[in-house]
Amino acid sequence: MSQRIFGVVLLLACAGLGIVAWGYHAPFSYEPVGPRAYPLLLLTLMGLGAIYLLVKPSSSVSQDDEPPLDRHVVRKVASCVVIFAVYAALFEPLGFIPASLIFGIAMARLYEGTWKTSVISGVVLAVGLFVLFDKILDVPLPLGILSSLEI
Amino acid sequence: MDTFSYLGQGFGVALSPYNLFTALCGTLIGTVVGLLPGLGPINGVALLIPIAFALGLPPETALILLAAVYLGCEYGGRISSILLNIPGEASAVMTTLDGYPLARQGKAGVALSISAWSSFVGGLMATCGVVIFAPLLAKWAVAFGPAEYFVLMVFAIVCLAGMAGNKPMKTAIAACIGLFLSCVGIDSNSGVYRFTFGSLGLADGIQFVVLVLGLFSVSEILVLLERTHHGQKALDTSGRMLFNLKEGMSVLATNLRSGVMGFFMGVLPGAGATLASAVSYMTEKRLAVKDNKFGDGDLRGLAAPETANSAAACGSMVPMLTLGVPGSGTTAVMLGALTLYNITPGPLLFRDQPDIVWGLIASLFVANIMLIVINVPMIKIFTKILAVPYWALVPAIAIITSIGVYAVHATAFDLFLMIGIGVAGYILRKMDFPLSAILLGFILGGLMEQNLRRALSISNGELGILFASPITWGVWALIVLMIALPFYRTWRKRAQRKADAANA
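So the sequences go chain by chain: B and R. Each residue of the first sequence is one higher than the last, beginning at 1 in the UniProt record's numbering. Each residue of the second sequence is one higher than the last, beginning at 1 in the UniProt record's numbering.
A few of these clues could be false.
If you only want the chain R side, here are some residues facing chain B, beta carbon under 7 Å, derived [said to hold, decoys possible]:
{"#": "1", "residue": "S190"}
{"#": "2", "residue": "A412"}
{"#": "3", "residue": "R453"}
{"#": "4", "residue": "G461"}
No wet-lab data here; the hints were simulated from the structure. These numbers come from a predicted model, not from an experiment. Note that CB positions come from ideal geometry on N, CA and C, so glycine has one too.
Same shape as in the complex, but just chain B (with noise of 0.2 Å):
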């Protein structure tokens, strides 16, 4: 059933991705294919394929180890996005430390860690992979509120 819904859902994609790129044309051009050719001869493709996935969709799903979705698991897969989108909007605005400070705690606690134990791997994490990225490896990472401490 589920493989239905997304042959829909890819179908119907492809249809108004098509739209879009019917648009497209080079206000002037200097070869004969142009910008909107290719991404509709891809989008052509991948519509036959969803097509063929809602007349014929495969029954062996258990093929693979992936086991199965319960509601249990997909609360904590949703929770997880959520606290990856809050990390992401953080990021920048409260800088690198105080945003993986949250981050690490919640996912600690996300994936049964005790308290005790996410606090300190949390402080740990954001503590030390600065000192490792910013301070060793030359990648610049946000300051956000800690800038005005010069670390």
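Place chain R on chain B using the hints.
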């Protein structure tokens, strides 16, 4: 004799203290990355790219680092397979079948050392193969024009689907998704913004580091949620650590056969280490007539996949270096790294930048030797790493992944994009779509479109140019063969089932 002088020059590059140190770091990182669940060669290599940039590594050093990590992963993947029965990465799945039973019988040390030895033999054979075949292929590939390249890339994509075994259609769709994603952003020929929907962050296209880390790290983190547990107790590695001569001899034939097979599977675009290890395991199982204990701890069953996956890892360097068409997901990432350095892999690379090519090839030898040397004595340390519980491991992977993504452009937009791609990747994975096909499609997509448009510019829009030269005819024939393969396989399966039904 040219080859040898070039190889000597390559060793000159690879043996410089700086590059030796880089290779050593790479092998260590690779082994750890390979044995940890949630990190595989693909995202391990992708994570290192921004770091290599930030450190200002020269291209050959960066490439040596990435190659060492790649090889190290193939070594590391086997440790968790043998001791925990959990493959550290996809190509080590077959290793669990005989490795874990061996460890249960108290022969973990023997299993680990013989698999390290097998990986070494496989890697060595395949590197020799690279030395022999890569220059030949490069010489031949100089004659390729845009039309030939386009057809070759079509072959790579079709090959991916044709070799995918049980789900050719899904692989094909995944590859198309990847190809399509490469269209996002400004079109370099006409300056038209495609599929950006007004977003400035997408104007430059999707950064491939973002795609890789989203697809492979974020989705893996979500998958790990389903298996939350507090680290696993690894089986004990007490007892004999080294295999003896008799055991070594018993797997020698297997090593040689699987090495050759792994190399050629690695060279084929899209097939890669996972398939090579599976095919060689099956072949050895069929060939073993005398005391066949496959499945409950046969040394040959351990040696075959380990030899093959290392050989395939090295073999997949051949098409990457000579044609600029990646042979596996990880080489696709390396190809992306090269493009970031403004180096276009392809036949001309052999002529214009022999230092990079031969330095890389020589460093494959060096890394292989380092790996076997560090793997046997350091196995106790590596098994300690396996005991790290998820609540400490996963946040660390997640934060490092975010740093890797942020480091590319220093925009938070990329972080959101990564999360979006990760969620999509998770859903696709649940639907049984192979994610590495998306990645290969994405890397090939841009090249494919450029070559198609260049070819059609030459012929003024005439499609006939795609069928004009003997090379294209040959490749088209292979494409047809590859498309026919899954159909043939279903037909044969159906025929077999019918025969079985008739017999019953």
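How the hints compare with the structure:
Nearest Cβ of chain B to the Cβ of S190(R): about 3 Å, under the 7 Å cut. The hint holds. Hint status for A412(R): holds, given a least beta-carbon distance of 5 Å to chain B, under 7 Å. Annotation: R453(R) was flagged as interfacial toward chain B, and the flag holds, the nearest CB pair being 5 Å apart, inside 7 Å. For G461(R), the suggested interface contact is upheld, since its CB lies about 3 Å from the closest CB of chain B, less than 7 Å.
Of the numbered hints given earlier, the model fails none.
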